[in-house]
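Residue numbers (the working numbering), protein chains in the order written: chain L, 584 to 862; chain W, 584 to 862; chain C, 584 to 862; chain G, 584 to 862.
There could be a bad hint or two in this list.
[As the list claims (entries may be wrong)] DSS-like cross-link-like pairs, simulated, lysine-lysine; straight-line CA separation at most 30 angstroms:
no.: 1; chain 1: L; residue 1: Lys-739; chain 2: G; residue 2: Lys-839
no.: 2; chain 1: C; residue 1: Lys-686; chain 2: C; residue 2: Lys-732
no.: 3; chain 1: C; residue 1: Lys-676; chain 2: W; residue 2: Lys-592
no.: 4; chain 1: G; residue 1: Lys-676; chain 2: L; residue 2: Lys-845
no.: 5; chain 1: W; residue 1: Lys-592; chain 2: L; residue 2: Lys-751
no.: 6; chain 1: G; residue 1: Lys-740; chain 2: C; residue 2: Lys-839
Just so you know, these hints were derived from the structure itself, not from any lab.
Here is how the chains run, residue by residue.
4 protein chains.
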Amino acid sequence: MKEFLSIAKNYKVIFLDSYGVVKNHKGLIPNVQGTIDELRRQGKIIRILTNDASRSAEQQAIRFENQGLKGLHSGEIITSGMMAKMFLQNKIKSGRVAYLGTKNAAQYILQADLEAVAVSDIDLENIDDISAMVFLDDEGFDWNTDINKTVNLLRKKKIPVIIANSDKLYPVARNEVSIATGGIAKLAESILGRKFIHFGKPDTQMFNYAFQNINAIGNYERSDILMVGDTLHTDILGGNKFGVSTVLVLSGNTSKRNYEVKINSSGIIPDYICSSIVD
Amino acid sequence: MKEFLSIAKNYKVIFLDSYGVVKNHKGLIPNVQGTIDELRRQGKIIRILTNDASRSAEQQAIRFENQGLKGLHSGEIITSGMMAKMFLQNKIKSGRVAYLGTKNAAQYILQADLEAVAVSDIDLENIDDISAMVFLDDEGFDWNTDINKTVNLLRKKKIPVIIANSDKLYPVARNEVSIATGGIAKLAESILGRKFIHFGKPDTQMFNYAFQNINAIGNYERSDILMVGDTLHTDILGGNKFGVSTVLVLSGNTSKRNYEVKINSSGIIPDYICSSIVD
Amino acid sequence: MKEFLSIAKNYKVIFLDSYGVVKNHKGLIPNVQGTIDELRRQGKIIRILTNDASRSAEQQAIRFENQGLKGLHSGEIITSGMMAKMFLQNKIKSGRVAYLGTKNAAQYILQADLEAVAVSDIDLENIDDISAMVFLDDEGFDWNTDINKTVNLLRKKKIPVIIANSDKLYPVARNEVSIATGGIAKLAESILGRKFIHFGKPDTQMFNYAFQNINAIGNYERSDILMVGDTLHTDILGGNKFGVSTVLVLSGNTSKRNYEVKINSSGIIPDYICSSIVD
Amino acid sequence: MKEFLSIAKNYKVIFLDSYGVVKNHKGLIPNVQGTIDELRRQGKIIRILTNDASRSAEQQAIRFENQGLKGLHSGEIITSGMMAKMFLQNKIKSGRVAYLGTKNAAQYILQADLEAVAVSDIDLENIDDISAMVFLDDEGFDWNTDINKTVNLLRKKKIPVIIANSDKLYPVARNEVSIATGGIAKLAESILGRKFIHFGKPDTQMFNYAFQNINAIGNYERSDILMVGDTLHTDILGGNKFGVSTVLVLSGNTSKRNYEVKINSSGIIPDYICSSIVD
């Protein structure tokens, strides 16, 4: 267990997960502004890598601002929704793209120059031009009707199905969780007997995107980078696979009480462990 | 492909699945009264074996009556809910039993002399006396809130969890399906990383229950029994495992178009195949 | 934690798992003869219910005798292999039945009046008359060649595939395990994308068989029966589902160190817990 | 269905899967030299992207040469073993690395400056310094003993476990397959109830590696690249996720008979389809 800044000082670039690292269900982690400011003062490059496809990078930057964290701009935020958007841009040429999620999340589809249609607005008798389906968020639709409707859509129409955030759950309070997009998608996968296309950490694509992004403004090696996360199976596994140093913080999904058991049972071993980025 | 009555005539006892065999999403299969009457005329013993835990045997008998099928009494109906009820009777001695489903389905808990509490009515701060959880039906609760609440209940309280109907989906119209209790339970199992206690076909327990039930009023061997079903993985697999003859009908989940592929890919081989019990 | 005989005295019938209860990797559990003799003296009916399909009941009785346990006869031993045999008898009318396992285990196929052929002896160009495949044991064949050959057989020939013992592993020494039949079958299921027909506890069929077997010589209710096992997911879950009382012993798969965690994480709750049947 | 060279002419870079595209179980695909020569003549950059961790890039280049394909040098071959090697280099600092596979495959461990020890040579009483485990190949060890030994090693020692090739099977003859490294690893994962660290397509890491590799010698965009593969779930899914154009060839895992069903049921849609790279 080490002090975070004593580790960070040896790296030029800091990749931070958002939820469980910078913020939690109560808002910003207390004193996080101090850590961010100190990293800036030392000239570190900062990037947020988040499996959150419910809002665009711009919206997430505004939200950080509103929650009281100053000086994080949208160009520093990389979301799994951006990976889904790139897939749509590269692979879906036309038609309407169906989605589960909020109107906010649907921005990712519009940004790919495609037409977005909420599953609730689809007429199942008129789906010839539906060209893809995206699971974006666990909110913004009625679970009672729209999960079923999605299953029926995908039984009738064989199209690429994209999960913009594979997380199965997220904490909403101390000891309380909420089923996330990846959980709902898993239900559909199980019922349809089919595997969809997953984006987000631990997939190394976001790391690669961030790596190219920082090398457009400088010259960095993998060994210059420290990935900071609270979840072994996404942040640490992804960082380890991509080949950067990793630090597990105990301020979110992994706690002081269970981190040893989780590391042992998963075999996913971070290079460092800290209480949080403010300790 | 044979005529149903020409097969049935060689057996003393006919076990019938309900949905897809006797009825479908439109109501009774046309002319099913004629087949039932003919089986009665020939002195056959009839039992309905259904993975439906949303209504008691009594309620299902009334529903058959209301839909126009005469002469089927509740003692002839065996439901997977009855298996769950027996488990509760034998294994849960006290406390409140949480459930997802309709008030109708909760009868199975009351019949086991236990207190039933809908997940929606539970206060998660007050769960010390919750002694078991039962997935009964896909209706009767709000998916937006109560599935999440169930997951949180089961994270906080380690209790036996029972799935009264393991079916993952059921047809609600030609080419349209609805996610069933077993699908919702699968979502919770996946998120909790845990396997619940499953009842209903293909588990042989319902077959055994029916076998003891008919032997209380006569003297029957397995070779006297014909199991009739529309689903390979439940009706036919269960019947084959229990050691009775099986006939697949193509009036429900399995169709003329796909039955050969399904039999080949599953290796679940019925003794006979019929269009329906009225052909 | 109670003394075993103080629990057993309230039941007329004792069902015992074999491995981990009566014997372990070193031979008989010390002093087990004393417990068996005392149960006999009190007039209890005894049945062994074992997920062991590598030997017939007769061979297992001889083995107990050779290991030093006197007075257990083959009619008291019920194996998952007997369930597989009954399935073959009822459902496979002709042809050769392929198997993985020892010649000893193949007795179950011969007892069903079918021709048995080891996978190693099959010519894959001549498989028209192969009518079923049975996974019997993890020994008796060359893993380097015969697992692959089994996968190729099942790709070419769509036949019922039976797993006579679903256990994935078994202990061979303190802290050392061996992959069991169910593990090998799981590999084949995963590669073929298909689910085979599983026998053995927790399936209630063996309990039902034993129940009918004792009722052929007396008059017993479920409430007269105590199931004794060392494994929550097979012995205790199966007993609970069948509706008999269950006692978990800590002399095999479940230990004093981990039984609380295992019960809590599985939600499979035995009625009683004992150190072993000799304490 | 189009002619391969008429597609390839629109791209500057051609990524080729090896098995099923350039070679098959009988050796080189007939006339493949002609296609490679023509691509060279047109100045295309060529890279082989293969999920083969059984040999180093150098050994694979020699093998191509020996099979009769001229002019492919080792710097053009990118293997999933190289991804595993980089992980070891970045994350395993000391100790002995256990492996399943041939001595040839173990080169990847030695190249990471680590000590390699075959599972067969490990003494399970002396494993304190074993720092990682790698599944490299399905050959080079005795399945009868070493798979079990691996399971026991991983029960005793909590270390990172790496699957250098996640493919579950590979073709060895027309209509005959062999279980691959990923299948054996799956067996161990299933028995241990744990998920290992997987490398190889569809993971986008190899694509990223190849992308950086070609940009070290030129200036290429994703839109300049065509990925050619015979397997939807690895080559095409990985290429689609990385954002390059994809062509499915029907000369390996996917055939003229089943490609439409496979594309429809998977929702993995290639940009183009060709008989082979020589048509």
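Evaluation of the provided hints:
Note on Lys-739 of chain L and Lys-839 of chain G: the hinted pairing holds, with a Cα-Cα distance of about 24 angstroms set against a maximum of 30 angstroms. Among the hinted pairs, Lys-686 of chain C with Lys-732 of chain C is consistent with the structure: their alpha-carbon atoms are about 18 angstroms apart, no more than 30 angstroms. A hinted pair counts as satisfied when its Cα atoms are at most 30 angstroms apart, and Lys-676 of chain C with Lys-592 of chain W qualifies at roughly 21 angstroms. The suggested pairing of Lys-676 of chain G with Lys-845 of chain L holds, with an alpha-carbon distance near 21 angstroms, which does not exceed 30 angstroms.
A hinted pair counts as satisfied when its Cα atoms are at most 30 angstroms apart, and Lys-592 of chain W with Lys-751 of chain L does not qualify at roughly 52 angstroms. Of the supplied pair hints, the one linking Lys-740 of chain G and Lys-839 of chain C holds, its CA atoms being roughly 21 angstroms apart against a limit of 30 angstroms.
Comparing the model with each earlier hint shows a violation of hint 5 alone; every other hint is respected.
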